[in-house]
Structure formats: structure tokens, C-alpha cells
Amino acid sequence: SLFSEELNVSKKVISDDINSIFKEFSKYNIRINRVAGHGVFITGDEFSIRRAMKSYCKYSIGNKVIREASDNRISVEDQELWINNFGQDNFEKSVEV
1 SLFSEELNVS
11 KKVISDDINS
21 IFKEFSKYNI
31 RINRVAGHGV
41 FITGDEFSIR
51 RAMKSYCKYS
61 IGNKVIREAS
71 DNRISVEDQE
81 LWINNFGQDN
91 FEKSVEV
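The UniProt record's numbering numbers the first residue of the sequence shown as 1 and each following residue consecutively.
Be careful, since some hints might not be right.
Okay, derived cross-link-like pairs now, DSS-like style, lysine-lysine, Cα gap no bigger than 25 Å in a straight line [claimed, not checked]: (1) 23 x 12; (2) 23 x 11; (3) 54 x 93; (4) 27 x 54; (5) 54 x 23; (6) 93 x 27; (7) 93 x 23.
These aren't lab readings, by the way, just hints derived from the structure by calculation.
With the hints as extra help, turn the sequences into a complete structure.
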């Protein structure tokens, strides 16, 4: 798979990682969909996806304080972190949702 080749890990590691985040995503009513030959996709409403992204960004930077956005938009810092972790293309796709 593309992820396993790009990250230089086995397909099982990728599969296990996806399974481990399934529970976390389910808290936000986000589903992980695996489509043979096409990849892995998430589905959910925009608000839920934004909340999950915000939660991930807070978790991944540890002690760094992220500015709270009262309207649940992504701060500039969160956007940069997301792009650094997942790439500009994936960020733009998530915004379209």
C-alpha cells in the first residue's frame, strides 16, 4: 500500500494503526471506510471532522497551548500542524467536506 511504502512499515502496522484510531474517531461520529483498491477514507459531518482535527492537534503537540477558537474554526497554528502532518492536499480535501 502507498502508506506502508511511503512510511517504510508493513501493511499490518498501517492496518493496526487505523484500527487503533477507529475508537477515537467514533467519539466524533466519524467513520473510517476502507475501499479495496482505492484506499481509506473518513466520513462524517464537517463540524465533527473539525473537532477531531482540533483534538488531534492538541494531543500531538503536548504542552504547547493552542488558542481556543469559539466558533470551532481551525487556528493558523492548528492548520500548519495539520498540513505538516498530513500534507496540503489532504488538508484542502478535509476543508471541502
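- Task: Give me the numbers of the hints this structure contradicts, sorted from smallest to largest.
- Result: none
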